[in-house]
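**Q** For this one, chain A is given, so just place chain B on it according to the hints.
Here the protein sequences line up with chains A and B, keeping their order.
Counting in the working numbering, the first sequence runs from 15 upward without gaps.
Counting in the working numbering, the second sequence runs from 15 upward without gaps.
Calculated directly from the structure, the hints in this document are not laboratory data.
Positions of the beta carbon are idealized from the N, C-alpha and C atoms, including for glycine.
It is possible that part of the hints are untrue.
As the list claims (entries may be wrong) - Covered, in the sense of this in silico footprint (three residues per stretch, anywhere, with C-beta under 8 angstroms from a C-beta of chain A), are these stretches of chain B: (1) 111-121; (2) 232-240.
As the list claims (entries may be wrong) - List time: in silico DSSO-like cross-link candidates among lysine-lysine, alpha-carbon distance up to 30 angstroms: (3) B:390 to A:152; (4) B:390 to A:145; (5) B:390 to B:145.
Number of protein chains: 2
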Amino acid sequence: MLGIDKQCDTFLYRQVIDLITENITAGTLLPGDRLPSLRKMSKTAGVSIPTVRQAYIELERQRRVESRPQSGFYVRHRAANDIVLPTRTATAAPAPLRCRPLMERVYDGVNRPDLVPLGIANPCMARPAAKTLHRTMKRIMARAEERSLGYASTLGEPSLRRQIAYHYLDTVGAPVEPGQICITNGGQEALLLATMAVASPGDVIAVETPTYHGMLELIDSLGMLAVEVETCPEEGVTLSELQRTLEDHPVKACMFSTTLGNPLGVTMPDEHRRELVELLQKHDVALIEDDVYGDLRFDAIRPVPAQFLGSKARVLTCGSFSKTAAPGYRIGWVVSDHHIDDIARLKRAISCSSGFLQQLTLADFLASGDYSRHLKSLRPVLRRNAERMSALVAEHFPAETRTSRPVGGSVLWLELPRQLDAERLFDDAIAAGISIAPGHIFSPCACYTNFIRLSFGHPWQASTENAIQWLGERVSQLAAGTNQDREH
Amino acid sequence: MLGIDKQCDTFLYRQVIDLITENITAGTLLPGDRLPSLRKMSKTAGVSIPTVRQAYIELERQRRVESRPQSGFYVRHRAANDIVLPTRTATAAPAPLRCRPLMERVYDGVNRPDLVPLGIANPCMARPAAKTLHRTMKRIMARAEERSLGYASTLGEPSLRRQIAYHYLDTVGAPVEPGQICITNGGQEALLLATMAVASPGDVIAVETPTYHGMLELIDSLGMLAVEVETCPEEGVTLSELQRTLEDHPVKACMFSTTLGNPLGVTMPDEHRRELVELLQKHDVALIEDDVYGDLRFDAIRPVPAQFLGSKARVLTCGSFSKTAAPGYRIGWVVSDHHIDDIARLKRAISCSSGFLQQLTLADFLASGDYSRHLKSLRPVLRRNAERMSALVAEHFPAETRTSRPVGGSVLWLELPRQLDAERLFDDAIAAGISIAPGHIFSPCACYTNFIRLSFGHPWQASTENAIQWLGERVSQLAAGTNQDREH
Numbered sequence: 015m016l017g018i019d020k021q022c023d024t025f026l027y028r029q030v031i032d033l034i035t036e037n038i039t040a041g042t043l044l045p046g047d048r049l050p051s052l053r054k055m056s057k058t059a060g061v062s063i064p065t066v067r068q069a070y071i072e073l074e075r076q077r078r079v080e081s082r083p084q085s086g087f088y089v090r091h092r093a094a095n096d097i098v099l100p101t102r103t104a105t106a107a108p109a110p111l112r113c114r115p116l117m118e119r120v121y122d123g124v125n126r127p128d129l130v131p132l133g134i135a136n137p138c139m140a141r142p143a144a145k146t147l148h149r150t151m152k153r154i155m156a157r158a159e160e161r162s163l164g165y166a167s168t169l170g171e172p173s174l175r176r177q178i179a180y181h182y183l184d185t186v187g188a189p190v191e192p193g194q195i196c197i198t199n200g201g202q203e204a205l206l207l208a209t210m211a212v213a214s215p216g217d218v219i220a221v222e223t224p225t226y227h228g229m230l231e232l233i234d235s236l237g238m239l240a241v242e243v244e245t246c247p248e249e250g251v252t253l254s255e256l257q258r259t260l261e262d263h264p265v266k267a268c269m270f271s272t273t274l275g276n277p278l279g280v281t282m283p284d285e286h287r288r289e290l291v292e293l294l295q296k297h298d299v300a301l302i303e304d305d306v307y308g309d310l311r312f313d314a315i316r317p318v319p320a321q322f323l324g325s326k327a328r329v330l331t332c333g334s335f336s337k338t339a340a341p342g343y344r345i346g347w348v349v350s351d352h353h354i355d356d357i358a359r360l361k362r363a364i365s366c367s368s369g370f371l372q373q374l375t376l377a378d379f380l381a382s383g384d385y386s387r388h389l390k391s392l393r394p395v396l397r398r399n400a401e402r403m404s405a406l407v408a409e410h411f412p413a414e415t416r417t418s419r420p421v422g423g424s425v426l427w428l429e430l431p432r433q434l435d436a437e438r439l440f441d442d443a444i445a446a447g448i449s450i451a452p453g454h455i456f457s458p459c460a461c462y463t464n465f466i467r468l469s470f471g472h473p474w475q476a477s478t479e480n481a482i483q484w485l486g487e488r489v490s491q492l493a494a495g496t497n498q499d500r501e502h
Numbered sequence: 015m016l017g018i019d020k021q022c023d024t025f026l027y028r029q030v031i032d033l034i035t036e037n038i039t040a041g042t043l044l045p046g047d048r049l050p051s052l053r054k055m056s057k058t059a060g061v062s063i064p065t066v067r068q069a070y071i072e073l074e075r076q077r078r079v080e081s082r083p084q085s086g087f088y089v090r091h092r093a094a095n096d097i098v099l100p101t102r103t104a105t106a107a108p109a110p111l112r113c114r115p116l117m118e119r120v121y122d123g124v125n126r127p128d129l130v131p132l133g134i135a136n137p138c139m140a141r142p143a144a145k146t147l148h149r150t151m152k153r154i155m156a157r158a159e160e161r162s163l164g165y166a167s168t169l170g171e172p173s174l175r176r177q178i179a180y181h182y183l184d185t186v187g188a189p190v191e192p193g194q195i196c197i198t199n200g201g202q203e204a205l206l207l208a209t210m211a212v213a214s215p216g217d218v219i220a221v222e223t224p225t226y227h228g229m230l231e232l233i234d235s236l237g238m239l240a241v242e243v244e245t246c247p248e249e250g251v252t253l254s255e256l257q258r259t260l261e262d263h264p265v266k267a268c269m270f271s272t273t274l275g276n277p278l279g280v281t282m283p284d285e286h287r288r289e290l291v292e293l294l295q296k297h298d299v300a301l302i303e304d305d306v307y308g309d310l311r312f313d314a315i316r317p318v319p320a321q322f323l324g325s326k327a328r329v330l331t332c333g334s335f336s337k338t339a340a341p342g343y344r345i346g347w348v349v350s351d352h353h354i355d356d357i358a359r360l361k362r363a364i365s366c367s368s369g370f371l372q373q374l375t376l377a378d379f380l381a382s383g384d385y386s387r388h389l390k391s392l393r394p395v396l397r398r399n400a401e402r403m404s405a406l407v408a409e410h411f412p413a414e415t416r417t418s419r420p421v422g423g424s425v426l427w428l429e430l431p432r433q434l435d436a437e438r439l440f441d442d443a444i445a446a447g448i449s450i451a452p453g454h455i456f457s458p459c460a461c462y463t464n465f466i467r468l469s470f471g472h473p474w475q476a477s478t479e480n481a482i483q484w485l486g487e488r489v490s491q492l493a494a495g496t497n498q499d500r501e502h
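Bound-form chain A, shown alone (with noise of 0.2 angstroms):
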């Protein structure tokens, strides 16, 4: 059961990984079991015994295992069932979109507001939030009275512009120009002007494994093709793997979560970040960094966005207040030093401007201290619901699930048993009324099928919880159908 394809080209160590890692997936190994001792692993593999050590301990680093003194390497138990290794894709090769007809699903059901919403990467409508937001757009009216209706500049209300430069300097410290900064539809409408601005159709994109699908759609529908750079759930990419893509393909740019990457919920560390911009500086490739998840940490540390490292590398900083505050007031800006005429240019020529009573109700919003005390009253929510829905996924799915560890934003990443389609299991849950995201669209070649994202942003009911019951049932149902087939 433990040989190793010694063709294989990786290092020796990552070969142990690998192996220790299948067969814990497969249930050869469970939770509780001994991992061979060094000396047996070294010879069955035809390793040495350092090479063997390195890798158990990588292991441990990963949350797989546990050492015990005295006794050797233990798999750990299903509370620590983390997903910890990289994330990595059969193909590292520029490809094209093959997950759009399910992705169309999937929005149908996020559309449906007869489901149970665990479908869309959403934070908490929270009732505080929605009663100051509407008093304030109330004094707006009231103080703009018909200039409210008129066009905002280009680049957006300047009140909003500084206020979101201010709240970056008292959260991460970093001065930002108001100049630098231009207001958008929504931060999906930031990314598209941050790669309209650094990429023309048929450039490739690199893009972390597994990523955003409305990345995937956009740089699709711009002509572009994606790349997938393997992803590691404490660091995010892999700097020694995405440096080989970029010397194998010829991207144009990278389009990275840097804080609470959707779906894996990873935050690049500091030092990471500044490896990564300093990477990108060497090979002129710019950075779009996605940052809408910035201000969602349940630990309310801010880290500094790419942006204000100090590197002379072209980052294109996108946020939002669609995942903080009012998805439907579609405002999102991109910060950019390099670029900001560029986006300035295609701002006007894709969309003129941005709703202007919007803008000036945030402005007031973030100026009045409100938008800071919502964010204050909103994390311990979206903590808690990341809790429960922690430990119900624990209680009700099959024991080899393994499950992102959320801290912070509004969504758990799932790996299923490794038989599992989660498209099946996707359209089993819209007929119970359950809408999820399957994982095949948080990838360009559709290639998580045994993933699922939940989302925990919305206000807890009585339903999300029977909703989650009934998917764990599912799922041991779906694996253990799945199992009797194979033995047919």
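**A** Frame of chain A, contents of chain B only:
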């Protein structure tokens, strides 16, 4: 003076027309002057008498000249000094955008609140609409509470799509399925989505000449090329010229205004629309129909968009509330039968959805009849402004100035003395506190160098009158200065 270039390959009668027109423009033939007799012209130009007669009749149809019984043809007087000739450009080949830096400067001017705003095609910010819209929005906020902060669906709020469909049924008797309508971030995003749905980077898009600069920027931003088609102030694009363009160039779509095109103000007659869609169907070329001014005819007659003429041509009709009610709401729409699924996919990829609160508010604004009432009060204001502006231009601008005769919308198009540089005038006007739109930006090859567009859509004020007087005087000075320069 009346020599004809016999190498010219256009029809002979067209040569005669050009000859007379040039002499009128140059001031050689003044209003009231008698045209050379048919016989004399026949001899001078070396063409037959029937050909000269045909040319003179055409000139009469164009309101350049008038026939007096038993007397001959005379140059018409100043009061009728309309722009009537078909406009054409030096090149009829697809061309990249040449006037981008000037466009930037024009927008800088448009965005400055300290200038007299004659540079932007904005409707009156009628106070009654602001009051009603604000009241409606407050009601929505109270009714929909936090729901109104959420995402709208990709295609848009069903109640608004129903109201837009009903508005078409009500005003032009056309049945539209709400399912064929996608709500957009203003008319500009409607044009963007329509264009992306039917054409790809590198493709050629046919436009009127002169045409709305926003279309040219859009086409350029998408990596496409615009080709201009001769446009007649009475009928819109000349179909014979369009046919030639379709035969000579790989045109993928036409982007035309069918009603009150900007800046010329032309409305295509119904029969012409019919012939247009038949021609496009024959060539399998899509029509991106800009209809954002459709509700703004002074006579309240709503021409039927080409969309609804029963042809099987692929027509994508773009509308907006930006020119009629609330530019700052950023709410427009596309109607499409054939391409609505592509448009939904693209809408999701580029901006997810449009502002929800504004959609709910406008749905109510239409359903209550407030929108129709608002239009009824807006049209006479625009008509009065148009008349005032035309009268002031006639009074203060040099005699050879020719203007469009607006029958709706909010802009006046002026042809200034031939030698005048509208960019120079633009600079001088900005320095004097007035924003105008120089003709250059209405053609990819920047060829309307002696034209300007003035907007009468803003509330009329003493400063408006002073600005027009100032402009007229400055034009006279520049024209005189230029002539002096040439005499040196």
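**Q** Quick one: see if chain A covers the stretch 111-121 of chain B, three-plus residues with Cβ-Cβ under 8 angstroms.
**A** holds (count 3)
**Q** Is the Cα-Cα distance between residue 390 (chain B) and residue 145 (chain A) 30 angstroms or less?
**A** 35 angstroms, violated
**Q** Are residue 390 (chain B) and residue 145 (chain B) close enough, with their CA atoms no more than 30 angstroms apart?
**A** 16 angstroms, holds
**Q** With a C-beta cutoff of 8 angstroms, work out whether three or more residues of the stretch 232-240 of chain B approach chain A closely enough for the coverage to hold.
**A** holds (count 4)
**Q** Decide if the proposed pair is consistent with the structure: residue 390 (chain B) and residue 152 (chain A), CA atoms, cutoff 30 angstroms inclusive.
**A** 27 angstroms, holds
Taken one by one, the earlier hints fail for this structure only at number 4.
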